[in-house]
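**Student:** Listed below, chain by chain, are the residues.
2 protein chains.
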Amino acid sequence: MVERRKPIKVQDAIQRMMNYKKTGSVQYVPIEDSYGHFLGQDLIADHDVPFFDRSPYDGFAVRAMDTVGASRSNPVTFEVIGEIGAGSVFQEEVGKKQAVRIMTGAMIPKGCDAVVMLELATEYEVNGVAYFDLKRSSKAGENISFTGEDTKKGTVLASKGTFINPGIVALLATFGYKEVPVSVKPKVGIIATGSELLEVGQSLEPGKIRNSNAYMVYAQVKRAGGEPIYLGQFSDDFDTCFIQVSEALDKVDFLITTGGVSVGDYDYLPEIYEKLGANVLCNKIAMRPGSVTTIVEYNGQLLFGLSGNPSACYVGFELFTRPIIREFLHTNTPFLKKEVAILGADFKKANPFDRFVRGHLGFKDGRLIANPIGLDKSNVVSSLGQADILIQLPGGSRGYEAGMEVSVILLEDQEGVSFDSFIKQDIHSKRSKRNEGRYV
Amino acid sequence: MVERRKPIKVQDAIQRMMNYKKTGSVQYVPIEDSYGHFLGQDLIADHDVPFFDRSPYDGFAVRAMDTVGASRSNPVTFEVIGEIGAGSVFQEEVGKKQAVRIMTGAMIPKGCDAVVMLELATEYEVNGVAYFDLKRSSKAGENISFTGEDTKKGTVLASKGTFINPGIVALLATFGYKEVPVSVKPKVGIIATGSELLEVGQSLEPGKIRNSNAYMVYAQVKRAGGEPIYLGQFSDDFDTCFIQVSEALDKVDFLITTGGVSVGDYDYLPEIYEKLGANVLCNKIAMRPGSVTTIVEYNGQLLFGLSGNPSACYVGFELFTRPIIREFLHTNTPFLKKEVAILGADFKKANPFDRFVRGHLGFKDGRLIANPIGLDKSNVVSSLGQADILIQLPGGSRGYEAGMEVSVILLEDQEGVSFDSFIKQDIHSKRSKRNEGRYV
Chain A
1 MVERRKPIKV QDAIQRMMNY KKTGSVQYVP IEDSYGHFLG QDLIADHDVP FFDRSPYDGF
61 AVRAMDTVGA SRSNPVTFEV IGEIGAGSVF QEEVGKKQAV RIMTGAMIPK GCDAVVMLEL
121 ATEYEVNGVA YFDLKRSSKA GENISFTGED TKKGTVLASK GTFINPGIVA LLATFGYKEV
181 PVSVKPKVGI IATGSELLEV GQSLEPGKIR NSNAYMVYAQ VKRAGGEPIY LGQFSDDFDT
241 CFIQVSEALD KVDFLITTGG VSVGDYDYLP EIYEKLGANV LCNKIAMRPG SVTTIVEYNG
301 QLLFGLSGNP SACYVGFELF TRPIIREFLH TNTPFLKKEV AILGADFKKA NPFDRFVRGH
361 LGFKDGRLIA NPIGLDKSNV VSSLGQADIL IQLPGGSRGY EAGMEVSVIL LEDQEGVSFD
421 SFIKQDIHSK RSKRNEGRYV
Chain B
1 MVERRKPIKV QDAIQRMMNY KKTGSVQYVP IEDSYGHFLG QDLIADHDVP FFDRSPYDGF
61 AVRAMDTVGA SRSNPVTFEV IGEIGAGSVF QEEVGKKQAV RIMTGAMIPK GCDAVVMLEL
121 ATEYEVNGVA YFDLKRSSKA GENISFTGED TKKGTVLASK GTFINPGIVA LLATFGYKEV
181 PVSVKPKVGI IATGSELLEV GQSLEPGKIR NSNAYMVYAQ VKRAGGEPIY LGQFSDDFDT
241 CFIQVSEALD KVDFLITTGG VSVGDYDYLP EIYEKLGANV LCNKIAMRPG SVTTIVEYNG
301 QLLFGLSGNP SACYVGFELF TRPIIREFLH TNTPFLKKEV AILGADFKKA NPFDRFVRGH
361 LGFKDGRLIA NPIGLDKSNV VSSLGQADIL IQLPGGSRGY EAGMEVSVIL LEDQEGVSFD
421 SFIKQDIHSK RSKRNEGRYV
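Chains as they are written, first to last, in this note's numbering: chain A, 1 to 440; chain B, 1 to 440.
Keep in mind that the hints were calculated from the coordinates and are not lab data. A portion of the hints provided could be inaccurate.
Which copy? The list can't say, so a pair holds if one copy fits it or any two copies do.
Stated by the list, open to error - As a list, the in silico SDA-like pairs of lysine to any residue whose alpha-carbon atoms are at most 20 Å apart: (1) K349 with E32; (2) K160 with N351; (3) K139 with L231; (4) K222 with I84; (5) K349 with F238; (6) K275 with S311; (7) K364 with I342; (8) K187 with P56; (9) K139 with P30; (10) K135 with A248; (11) K348 with G36; (12) K364 with K424; (13) K96 with F242; (14) K364 with Q414.
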């Protein structure tokens, strides 16, 4: 009676899904609200930096030609004809053997082409007029930050889709983005299924557990950059469920369900997909946990049928829904960064499917350590909050031992990588497995 | 004329400041809004997990005593008297040689003390009654997840002050936190100073630059977990500035100013502190950039006088203001995590002060690489958005070379460390410096 499902590889599931990726629109938010959004357009320099020739130090602006020949035995004397602070413009033209006291960041006065550092000038006053002696010559251009030497007007400083961190905010301010074009966050609907589920505010009763997956995924959607919408739990009645899904599709960009994708009597989703006439892209993926993860397309819209098992639900979201959300936000690097780490525990039992184990990233002597969490019965729940990596263990006929190199997917990463990089790292992981003896 | 200031060590400045740390209050937010907040109380299990003895697999619940002696040549036959899905309770008591078909997660029926996995049962039907033959005996307790074996009621699952990530949200839901106690975020006021500053919406003019520090710090406050309040720019008039600062102190928990802390004529802050009668904890710190960073206490309230130089402003915030904000949020680990990385570029020029260089964390063969950014004149601005570490280079008489081990402070870290760990890592860094030959 049990339906036979053919498992496909994780990367094949991603590729099928990516055929239906969508990109959202752009809205403007005040710069104060931009942190945590994603650039909706490339961030472009609207002016040269510096915008004018300026002094990088406190000192005296001079004409370099007047310093020629200055030495300890033959100092040159300059008359200080004024002072210029940052933000001001010195109005007069500076003449022969004249100098202007200049502050860090101030504009070089007309006529000057060098700045003498404060400590090289011996200052004194005669009859209320300020002078200094200089015992070293300056070259033209010395101690001047020239217009555009940092950044030319028109330079792309960050690409669309970039996560807006404090450094990006500084750039936005520098270049006059009072209103910042940001990617509109996709609306991601969440429906929980499972007759054993109580809502979070309900008292426990025998046989039941509280619905934690929906809230977990809700937070994962936020972390990924989406706008989650919790649409409640499925009813026990098939027709009502069908209407729930149909109506949800009109309200959201993507729809996630948790649970109900296995082949049991209580699992309505395969039937709902069929009745919708949806295109099932995959309903079995060669991965643990989460092999029942189902991805479906209906009228160009993606539906993610995540597992009801909390670990599988978590992993399915990060591998599949997360990059689809980031694509919507205009980035070219929608996948989480993968790096090499040393496995911190044994996984002696072989598994034909690729495993993605939640873990906590440790560091030892400058190396990354992949510490699995929730392996023991006694800490599945309590260790959940520590997860910041997925440890990827390619499927095969052999197990893994502590000390081997493995790939880890960095869950808190904001930079991201392309699909090609995401997949390339797998190859490395397979290689380490073949050569596992080397790494023990 | 120039005031002499005595530099103190970074760790001494932190310790002086920590004498005036404050802890905020607690408020309740709906669980949906809890992601990105910080736990205001310890997260405690309100029930055992599992809450009842349950089946970890699909199978048949049986009485182990009935399986005694079952073997290939002598199978035991069981009558299947019912079925139980997750969320349901089987009402009858299971008797001799009886079994109940049980789904993953469902409660073990009364009388049963073992679960036989589906693949070990040979099922058949006789006159509409379901049976299965079993060819192996089960032990009492086999394939049962017992009440409380994962987590005991009352266990502390995460400490107050913990950043609420998706895993923590799952725990909050599991344990019935429909409303979550979160730390109230401190109000952090920001005032920008500098006569060269234009506001972000203003057109550029000669000699001026747009105010980027205030917006950068605004985002840094958010990342740290505070609630930033931008109070605008200082006026050019001392008395007005004094009133601005005095009034700001009534509205905020902490006050940041950017710029105006040097000893120049345009730097009002030292004078304002004096007129307030504030207690200057430090006005010179042995660090680069940011040696002018000034920390002041007035009636128990901390004022951070950050440098007007963007790098110095950024670094001063992360080293000093950030831990004060995290303390307010109830954490015991308010400092950013420090790890060992391989330096990616030369810093040949020695500096007597500790340097904190903004950098981008790279990875190579499982090792952390510290890539400095903004070192060349040509990319100070454009590389700003990439900063995710501060590279710490202890002061001394020698420079640093690419390939040496250095400490890096992880700017995106949410876990944090205690003051002791933060300082301990410094010692390591000093050691690597002494042994630098080894690491090149």
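**Student:** Does each hint hold? Answer for all of them.
**Tutor:** These are the hints, each one checked on the structure:
no.	hint	result
1	K349 with E32	neither (51 Å within a copy, 38 Å between copies)
2	K160 with N351	neither (40 Å within a copy, 38 Å between copies)
3	K139 with L231	neither (70 Å within a copy, 44 Å between copies)
4	K222 with I84	neither (49 Å within a copy, 36 Å between copies)
5	K349 with F238	neither (40 Å within a copy, 73 Å between copies)
6	K275 with S311	neither (29 Å within a copy, 59 Å between copies)
7	K364 with I342	both (10 Å within a copy, 13 Å between copies)
8	K187 with P56	neither (48 Å within a copy, 34 Å between copies)
9	K139 with P30	neither (45 Å within a copy, 66 Å between copies)
10	K135 with A248	neither (79 Å within a copy, 48 Å between copies)
11	K348 with G36	neither (41 Å within a copy, 37 Å between copies)
12	K364 with K424	between (25 Å within a copy, 14 Å between copies)
13	K96 with F242	neither (88 Å within a copy, 42 Å between copies)
14	K364 with Q414	between (23 Å within a copy, 18 Å between copies)
In this structure, the earlier hints numbered 1, 2, 3, 4, 5, 6, 8, 9, 10, 11, 13 are contradicted, and the remaining ones agree with it.
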